[in-house]
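Let the sequences and hints guide you as you build the complete structure.
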Amino acid sequence: MSTTLERNAPITPTEHNEHPQRKWQDYFGFSTDHKVIGIQYLVTAFFFYFIGGALAEVMRTELSTPDPDFVQPEFYNQLLTMHGTIMLFLWIIPAGAAFANYLIPLMIGAEDMAFPRLNAVAFWMIPPGGILLMSSFFNGAPQAGWTSYPPLSLVSGKSGEEIWILSILILGTSSMFGAINFVTTILLMRMPDMDIHSMPLFCWSMLATSGLILLGTPVLGAALILLSFDLLAGTAFFNPVGGGDPIVYQHMFWFYSHPAVYIMILPFFGAVSEILPVHARKPIFGYRAIAYSSLAISFLGLIVWAHHMFSSGTPGWLRMFFMATTMIIAVPTGIKVFSWCATIWGGKLSLNSAFIFAVGFLSSFLIGGLSGVMLASVPFDIHVHDTYFIVAHFHYVLFGGSVFGLFAAVYHWFPKMTGRMVNETWGRIHFVMTFVGFNITFLPMHQLGLQGMNRRIALYDPQFQTLNMVCTIGSYILALSTFPFIINVLWSLYKGEKAARNPWRALTLEWQTASPPIIENFEEEPVLWAGPYDYGIDTESIDGDEDVEDMLATVTAEKG
Amino acid sequence: MQGSTVDNKSQIAIASEQEAAAHGHHEHPDYRMIGLYIFLISDSMTFIGFFAALLIYRAIVPVWPPAGTPELELLIPIINTAILVTSSFVMHKGQTALKNDDIKGLQTWFGITAAMGAVFIFGQGYEYFHAEFGLTTNLFSSCFFVLTGFHGLHVITGVLLILCVLWRSREEGHYSSSSHFGVEAAEIYWHFVDVIWLVLFVLVYLINN
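Chains as they are written, first to last, in numbering that gives the first Met the number 0: chain A, 0 to 559; chain B, 0 to 208.
In short, the hints are calculated from the structure, not lab data. Just so you know, even glycine gets a beta-carbon here, dropped at the ideal spot from N, CA and C. Treat each hint with caution, since some may be false.
If you anchor each label on the Cβ, the simulated ranges turn out as follows [said to hold, decoys possible]:
1. A:I486 with B:L162: 53 to 59 Å
2. B:L159 with A:K22: 51 to 57 Å
3. A:Y493 with B:F149: 33 to 39 Å
4. A:V240 with B:F149: 23 to 29 Å
In structure tokens form, the structure reads like this:
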């Protein structure tokens, strides 16, 4: 099997016979194969995405009129709590873990993760956690928002709140187990020739993400354990009635939950750093800058949490500190954005689904990032606190950023995961509908927030109705945009063109094996004959039978 | 077989073994100790979260511990501290014995460690039942029970780990001087629980009296 760039070599039937492939049953069992686990994560995450999306549509339908007439206000509170919780803990975080599981061993030339069984355990905690959370609908879902601030969370329904706490503890533990695997695998299991500065940027971003998960999640766990005691045992850690302090909960909660924003976006920063150079046929601009800025974001992400608490009586000097650190985060993030722009600048772009989603990511995330800098400033933050400006901001980050990046990643690695190409026409229809629907939904919310419309409330002032109607229509377009995606995936899975091992002519190692990869990943030890982003070399004229050593010599000579 | 993806034995295993022979696939080194260290760093963040909450309460509540909190009885906790610290050294003797392939020595020392852990847990339980305050008496008493309780769960886990090691060591050749991950992991975990206790002892018992 040659390790060179094979563009159109079809997978021969004999190859299938030589290497046993996974059966469909394997995907429903306790498999320790990181590729199976990656797919399990991804499919589970999409399942919950559709549920979370449906809840959002019910909320938007309710908000099309100023009066709470479509659903009861209590039910609206349950919807917003469950929508937030599902989208964060059961969609974005598992989806990031999905790509990490699938790609890390392949990218670094390993056979599997460091701890395959722990990895499977981590995945199999997600369905019970998710089902537990959904079950709360049957006896009163939590109503205190995904933040569950006491004392509200202590008085708004015991059983729903406790179910929420338990499911977050399960999901948090799962994500910790995943992170232990990622760190160990990335640091210790790279193939011998690959030093840390020649590993793909996705691995760097997962290293940064895992660090945050390991340091942040346990503190959230501690906060939720204390909250449980307040809720069930009648202690008063966070209950002012018994002498406790709700602010302590806010500190502990945001110590995890602000880094959680980076846990949700960094994996897709990494994915986009892989996707842009491949489809622009240019080396990544500033490899080390992008790699180190992920670590910088991680570090800074741990010391900015109280910017969520500017209106919680945080003293002035503390506000100044958190305002400064929050603004400094714009620097490493800006470094990334500029590097991505410089990467595609003057490139030979192929405007396929993966690439346009990545560019959609760049533009929407930029808006979310910039409104983040606005919110870092204390006076402005106090002015728009708890308004729709905040809703607009974090949806531009988490939908415009994470979800666009996620779809780019799905389109980019679909051929590798399934052995089939996606249909580009349907992919582009999906992109246009998503991008248009997304902007119509969330752009007007900036204005609504500036005008003072409160979030998390079913009832609003009639003057806001026109813009809310626009948002609701946008959200319907967004909902419809899912259908081209589902049709595309299902159709491509069965009828799509067979994918060669490297349809994008990419240089990272996952493309050096069959599509989908064989059970033990590589037929033979993969060869690192170029850096992960050495594009711009004349790959067209490289002879498929050329010896690897010769090529290696040429590449080294060209690099000087 | 750590690191293997083959879970369907029979044909696939044979195929992959042949492949491993043909292409030089090999098992990677054992990374479980590193995984354990990473887990313990993460776990220590839970305690840091609890300790931070306690210290914040101590800083912001006007009278700390809140008025009417009885003095903590120190005798039993001090004995418990001594037992726990000593047990770390006792346990280490077990591992040293194993390194000399002395399974009997391992079993003896680990058995003593487990017994000391059990004494610690009973001491803690005695303290709980004879405390002059309850879980919900005031903020300090809540902190006291939740923090020592969470640590106590770790001690129980540690004792169970030691008992697992003892159970497995009955089998001839399960642990040897060259292969003893379970023994080492249980010991590292025990030391971790020990260190956490020292911090907890200072923060809960000493500075609040």
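Going through the hints against the structure:
1. A:I486 with B:L162: 53 to 59 Å: Since I486 of chain A and L162 of chain B have Cβ atoms about 56 Å apart, the given range 53 to 59 Å holds.
2. B:L159 with A:K22: 51 to 57 Å: About 37 Å separates the Cβ atoms of L159 of chain B and K22 of chain A, which means 51 to 57 Å is violated.
3. A:Y493 with B:F149: 33 to 39 Å: The hint (33 to 39 Å, Cβ to Cβ) is violated, given that Y493 of chain A and F149 of chain B are roughly 51 Å apart.
4. A:V240 with B:F149: 23 to 29 Å: For V240 of chain A and F149 of chain B the Cβ distance comes to about 24 Å; the hint holds.
The earlier numbered hints that this structure contradicts are 2, 3.
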